[in-house]
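J.: My request is simple: use the sequences and hints to build the entire structure.
Residue strings, one per chain:
Protein chains: 4
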Amino acid sequence: MKVGVVGASGYSGEVLVKLLLSHPHVTLAAVTSRQHAGKAVSKLMPALRGTLADKLHFCDSAAPALAARADIDLWFLALPHGAAAEFARDLVAAGRKVIDLSADFRIADLATYENYYGHHHAPALLPVARFVLPELTDPKWKTEIRLAAAPGCYPTSALVPLVPLLRAGVVAREHIVVNSFSGVSGAGKKTEEHYLFVARAESAKAYGLVKHRHLAEIEEQLALVAGAPVVVQFNPHLAPMRRGIVTTITVPAAPGATIESLYATWHAAYAGRPFVTVLHAGETPDSAHVTGTNRVDLAAVHDPRTGNFVLTSALDNLVKGASGQAVQIMNLWSGFPETSGLG
Amino acid sequence: MKVGVVGASGYSGEVLVKLLLSHPHVTLAAVTSRQHAGKAVSKLMPALRGTLADKLHFCDSAAPALAARADIDLWFLALPHGAAAEFARDLVAAGRKVIDLSADFRIADLATYENYYGHHHAPALLPVARFVLPELTDPKWKTEIRLAAAPGCYPTSALVPLVPLLRAGVVAREHIVVNSFSGVSGAGKKTEEHYLFVARAESAKAYGLVKHRHLAEIEEQLALVAGAPVVVQFNPHLAPMRRGIVTTITVPAAPGATIESLYATWHAAYAGRPFVTVLHAGETPDSAHVTGTNRVDLAAVHDPRTGNFVLTSALDNLVKGASGQAVQIMNLWSGFPETSGLG
Amino acid sequence: MKVGVVGASGYSGEVLVKLLLSHPHVTLAAVTSRQHAGKAVSKLMPALRGTLADKLHFCDSAAPALAARADIDLWFLALPHGAAAEFARDLVAAGRKVIDLSADFRIADLATYENYYGHHHAPALLPVARFVLPELTDPKWKTEIRLAAAPGCYPTSALVPLVPLLRAGVVAREHIVVNSFSGVSGAGKKTEEHYLFVARAESAKAYGLVKHRHLAEIEEQLALVAGAPVVVQFNPHLAPMRRGIVTTITVPAAPGATIESLYATWHAAYAGRPFVTVLHAGETPDSAHVTGTNRVDLAAVHDPRTGNFVLTSALDNLVKGASGQAVQIMNLWSGFPETSGLG
Amino acid sequence: MKVGVVGASGYSGEVLVKLLLSHPHVTLAAVTSRQHAGKAVSKLMPALRGTLADKLHFCDSAAPALAARADIDLWFLALPHGAAAEFARDLVAAGRKVIDLSADFRIADLATYENYYGHHHAPALLPVARFVLPELTDPKWKTEIRLAAAPGCYPTSALVPLVPLLRAGVVAREHIVVNSFSGVSGAGKKTEEHYLFVARAESAKAYGLVKHRHLAEIEEQLALVAGAPVVVQFNPHLAPMRRGIVTTITVPAAPGATIESLYATWHAAYAGRPFVTVLHAGETPDSAHVTGTNRVDLAAVHDPRTGNFVLTSALDNLVKGASGQAVQIMNLWSGFPETSGLG
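Residue numbers (this note's numbering), protein chains in the order written: chain A, 92 to 434; chain B, 92 to 434; chain C, 92 to 434; chain D, 92 to 434.
Think of the hints as simulated: they come from the structure by calculation, not from any bench. Possibly wrong hints are sitting among the right ones.
Each pair may be met inside one copy or between any two copies, as identical chains are not told apart.
[Unchecked claim] List of simulated lysine to aspartate or glutamate pairs, EDC-like, C-alpha gap at most 20 Å:
1. 302 x 374
2. 134 x 374
3. 134 x 284
4. 146 x 374
Model, not experiment: these values are computed from the prediction.
T.: Rendered as structure tokens:
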């Protein structure tokens, strides 16, 4: 199977190219870049020197031309929101499968999308698109959709621990507080003073309080499970590391719920899932343990004083939080083993 | 005025020695170390080469001998809890002022102390000791006590934003969730695999969930202000940086409270206080901005969706969170300008 | 083919286990650890959670018992020097192939070994052992030896650029100055204050000047090529990063040598070698570009003012500088494709 | 005495403002910035919140207007080369003392300047300007010049160890190889992808090989001492840290020179100099030990095998390598104690 990547100049684009180049069941047949068309991919991604990226060259990224490429079955969109929707329109119309890493199709409710992101460039596609978090989304998506929206990094880190517990009634749906701590690559490749090494090394800070865009997909997904609106306090932070997210969730235990019932719920939800690891008692997720993997590590404690559970998760924002998860979606969609090319 | 430091081999001990050596109103006349007695202080603290630390030598640290030194008016204890109490006993008995950087005298309630720390080695001193957070503690402490307990790093980062708001009724005293992210020096100088560079670089993780020892002093201080027990969810994390703490507090707004009333309360509480900076709208505390200073930076936002305020603070765990605050206490206690040696 | 690893508790041991677990042509059938016998490998190596390391348990490491395991064809020794020689004795005697990551068999000359490392525990094995740097060592080693010594990290970074140039007479063999900058994992997993995060973050320093142990193998290998003694000034440094080495070599150009003849020599020497990348003009090796790969990146400039070439290389000290190179040796020795399991 | 700073938006500008604001003998009366005129200085330099920088506002930076300010006796220029010369012209013409942190007046020989930097904008000032490295430059400069050029960071790290040894004939003047390893702030505040946190963290690399601009002042100063041209191989590198330089110099010992004569020469040269520390035997300079200080730490070893000395130095590129040294120059020029305001 041949696949293509539109817009690979960002951090997650590079990880995606790397994963696809070494994937045993697909050929990466096109990587587009308006700016770098003609250059060898490894020229822009020196970590990929000595691989097939030496021979692969960026091609131009006019959407109609890409849509016309009959050899490519599936396209990944590693573009900013807005731009992604525009490409999706042409590629879906041409009958290609599309896996979008942007936010454009993560949110089913158009009004919510517009509230957080502004104008939507392809609302007509929403009915054939779906937010796909493979461990949580109803597996019927594989036959029902034409476009899969890979979840955001923060949402993955919050939903994997929360959704099964909310579904099973182990936790309340009020007073949920999510604090996340992300490596700097989570902010994208922005050449601004704020993201220079000298500014970010030895520095931690909160940002995007109250209305970070990822809140939209966290709350929509939780509401779908809860059958009622869920309002979350989401506090993201930058940490002086390149990759990785740790998320710490404070959530009231439901009446009667115990730490044992919580763990039993997680074990049931994630039995046989290769990319979710429920840690043993006494272990705590550490972002460094998941860097470079497609894993989410989970742990929880119960606080009898407050009546809360404190859930903790760790993942690599560029792998399970972006490109690895996109490849996992492709694997499931295409009938490959779920772990193909993912370690 | 001559001062001494007992136990200066840790990270905060080194910062304390540095601050005292350049303090305009005191002479650092003794620095003790059982292990390094006889060596030049700068031998163990190479950052202090070229200063008076070349000429100052560690002396032995037998408590009776220290208590007998009539030339020294005030002692800082930079010791582990337990050990601190033992020295405090002799030094207070000899009529010296003592500023303790350990937890031994931060908690007024003996049962709470024992619950978190075990046996107390000098409970008889509790009546003449007090937790002194200079911006918050009733200034009468200066004449009422013989031993000042310098607050912990996390408690300072949580109490400076919370106490005035709780006192003024701007925030609720329930559902308070405190997430903190600390530089690795906050864990002390422990030669364990977990604290090696290779383990901690590029790594973030939660630790000490549910019952971190600093919770004891956070809750006791909040209860004193609230006039009723306050139960806090406290989630500390390690961040891959040497110094600095950022704390993010989710707390329900009290009925009728607004972001304006919150800021007005802070401005009133901290007017004229040189070490608390209430940031302008749109600014967020950044640990890198306070490293090396005795400052706490504060900001807040209101979330109309959740009804919460989200408060953020930043400080240097070794300065305002330890040694700088201890020097500030000395300044106030001794009648020096509050900022002497701290700016 | 089944393989085993003796002594996997260090940084390179962990990388080796990871590489072998995902290797397509071998089964990792034994991982020994005196200290952790019985525990799951992923318990000690949390980065390997969710892999076969969950099911694999450390076994005890008595050398005779290991030698008796008829199912295992090849053993890797990831032990300190001295200890490695003792295991090698029993395993070679039992007819097993051995790839040693320690220094014990890197140096052919016993007196040199003893000068740098002290007593040798198995000198009788030296005739059947060889220093194997796959790109440089005569390929006859594959049939002539019973024990392969994988080169050290610094030596690999210095020899890959230097050896072809010295062999071709492009550079002089005098006035060679090698400066290297290594990530902290290069020092091994030592729980000493010097290697704590707080000590090493934001810190660079030279160490081991004049007689670093890796000098022995650098000079012996250069002498073999030059046919005469070569004396090198080797200045290693620690850099505040986890992994990676950059090496910068100042060496006088031989009479008549040009930057073009230098590059032509490199291209000829490394044509078809998958793990050496000669960079394009204007590019400089960057340790971050090779982290996690088995690659060495190379570049050079000529300085007409001094008459020197300045050669630069970058590699990952734990991969091409240790475990990746050991796997590469196994691949070649066993007739697998050279790149199997190496990306 | 009132002083001003022209162009304070870079990293060394910020350190300079910080040092001057807390200097006991001067008042910082003007800080210019074309871009930020009117804003509070602490707005752009949040590390200076709570200091006089809250009250001080950037003023516009038209050179004639600055030259007209009769209240300001001395100006620091923290500008790019080229721009500095233009301001220097007006300020010197108006009779002000000028301390220039750029390269414009560090090089006495105009042709050399033009070779490395291109057109010089104020060559007429060269006769009244001088490269001033306080520990090395003939103290007559204090009365002979009107403009002091503060040395570059790399040159300071190389000249402090080398100059006394070359002057005393302890080392040769040929085959000198200087390798330096600098924190990222040394590259200035450039918003380029190469300097983003994600690019530079966990990354070391050589850059600027063969003809780094600082080579010009290193060689000119060495030639002045040697009385003959000195050609140096200078290999600068970036290290993943914010501040600090370590420099390692390989230089042949002069006939008869010993490590004892080397240390004796250093001790004689730097006796009574507060900012040069000759370390004890067995100690090696570490950049982290000098960060935030105006110190240079020095050590050396002799290698009997190569006949070389290996000299090592460490300094903070923004303090002794820029702003601290500029303040030290002001102190000496103005008759203040050399250490005023420098810790």
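J.: None of the hints should be skipped; say for each whether it holds.
T.: Results for each hint:
With identical chains, the CA atoms of residue 302 and residue 374 are at most 20 Å apart between copies only, with a shortest distance of 15 Å across copies and 32 Å within one. With identical chains, the CA atoms of residue 134 and residue 374 are at most 20 Å apart between copies only, with a shortest distance of 10 Å across copies and 41 Å within one. In this assembly of identical chains, residue 134 and residue 284 lie within 20 Å of each other by CA distance solely across copies; the values are 15 Å between and 25 Å within a copy. Proximity of residue 146 to residue 374 under the C-alpha cut-off of 20 Å is restricted to the inter-copy arrangement: shortest distance 18 Å between copies versus 44 Å within a copy.
In summary, the structure agrees with every hint in the numbered list given earlier.
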